[in-house]
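Using the sequences provided together with the hints, build the complete structure.
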Amino acid sequence: MKKMKFHGSVLLFALVALAIVIQGCSSTGLRELANPTPIHKTTPMPDPVDSSSLDHKAIGAAYELPIRYYAAFEAAKAAGATQTQIDTYVSVGAAVVEVYCVRWFGRVADAQRNLQFGDSNRNVITQLGTALIGVAKLHSDVTAVYGAANTALAGLNSNINSAFLIAPNAENVKRLVLQAIGARVGLLKSTTSEIYPRNFDSAYLQLEKLADLCTYAEVKKLATQAVDQSNAKANSKGEVFVVSAATRAQATTLKDRVDNLLDRVDKLTAPQALALSNVAPFRNNKEIASVVAARDPKKARLTDEKAARAIAKMMIILTANAEDSVAEWESTFSRFDQ
Amino acid sequence: MPSTIVTKEQLPADIKDEEVKELIRLRIKAGAIRSWRDGNQLLTEWNVIGEQD
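Residue numbers (my numbering), protein chains in the order written: chain A, 1 to 338; chain B, 1001 to 1053.
Derived by calculation from the structure, the hints in this document are not laboratory data. These numbers were taken from a predicted model, which means no experiment stands behind them. All residues carry an ideal CB built from backbone N, CA and C; glycine is no exception. One thing to keep in mind: the hints can contain errors.
Distance condition first, Cα-Cα at most 20 angstroms in a straight line; then the derived DMTMM-like pairs of lysine to aspartate or glutamate [to be verified]: (1) B:K1016 to A:D256; (2) B:K1029 to A:D263; (3) B:K1021 to A:D256; (4) A:K220 to B:D1017; (5) B:K1029 to A:D110; (6) B:K1029 to A:E330.
Label pairs and their computed distance ranges (CB to CB) [to be verified]: (7) B:I1033 to A:T191: 55 to 65 angstroms; (8) B:E1018 to A:S331: 37 to 47 angstroms; (9) B:D1014 to A:E328: 25 to 35 angstroms.
Below, the structure is given as structure tokens:
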């Protein structure tokens, strides 16, 4: 008995440590995600020690606009600068702001892919761990601690997404931000606009304001407004999701087995119900994932056993409509019986 | 504030009324608020978790 407890602790430690290592690999470089490079700040240059191995033409191309910006900046701030020089300064400055903004969204998209990679790998480790715990027939407390540790890791990724990244669908937010910047650039270049800069000080201020449209705070505001509008639209209409066709088999030859699957959800312990959210068949199916996300937008299924059971039953009904899918659910439940 | 979603499943053309009743019974057992036939489709309404419960 003592030996089994020792093995259980070692296995638990190893599995959680492996998941943490994978988590760590996927959440590096957070500082670069906080905001785009500010327009009036030194652009980070490559490390001179390593610069011999870099493509100097590519580096030159990357810094072309900032270099031209500072040339236009000097010309515009000189005494007796013409309106044409002010206009050029604003035009190049606006281009720099847009380029930095686009590059920032690129870094955000890369980071999101890294987090998703970490999530996928952690799911594999979680499933492997659940299987090994089943094979080792460990005490239910060990299973509960293991499930809680993985839920905490999933929460950490979610927090990183929320704090540093913008929204699950960053591409749409990027489009909104670039539209806002484009509209303001139009005003800055229009001689009839109230914000059209007629001297260097005004141009400088307006470029800072333009750059502010692509800071984390402003982007987050735009993303939140977009999500709020989307939720309001969904809620007012009771959003409709088209899912796989219902089958006669579910109502006839399979009905007793589907009934039994629903009963088995109620018989799961609380930790098992929560763990089911991470191992349920078809959870990665795009159609099912959309319905689950809409019905449980706050992901209560990961922390609340009642929510976990409700989502599991809905998933069963929407997917257990053929012999092979019913068998897959039965196989999943059999892992909890061991 | 409305807080439900609806799933829509295509029904087989040759399905019988008793079989549709059985599908509806299973959906209610699974926690649906209601489920009903609309032509050749089965509509099921589910509560959004955290909104009504």
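Comparing the hints with the structure gives:
no.: 1; hint: B:K1016 to A:D256; in the structure: 18 angstroms, holds
no.: 2; hint: B:K1029 to A:D263; in the structure: 9 angstroms, holds
no.: 3; hint: B:K1021 to A:D256; in the structure: 15 angstroms, holds
no.: 4; hint: A:K220 to B:D1017; in the structure: 51 angstroms, violated
no.: 5; hint: B:K1029 to A:D110; in the structure: 43 angstroms, violated
no.: 6; hint: B:K1029 to A:E330; in the structure: 18 angstroms, holds
no.: 7; hint: B:I1033 to A:T191: 55 to 65 angstroms; in the structure: 60 angstroms, holds
no.: 8; hint: B:E1018 to A:S331: 37 to 47 angstroms; in the structure: 30 angstroms, violated
no.: 9; hint: B:D1014 to A:E328: 25 to 35 angstroms; in the structure: 26 angstroms, holds
When held up to the earlier numbered hints, the structure conflicts with 4, 5, 8 and fits the remainder.
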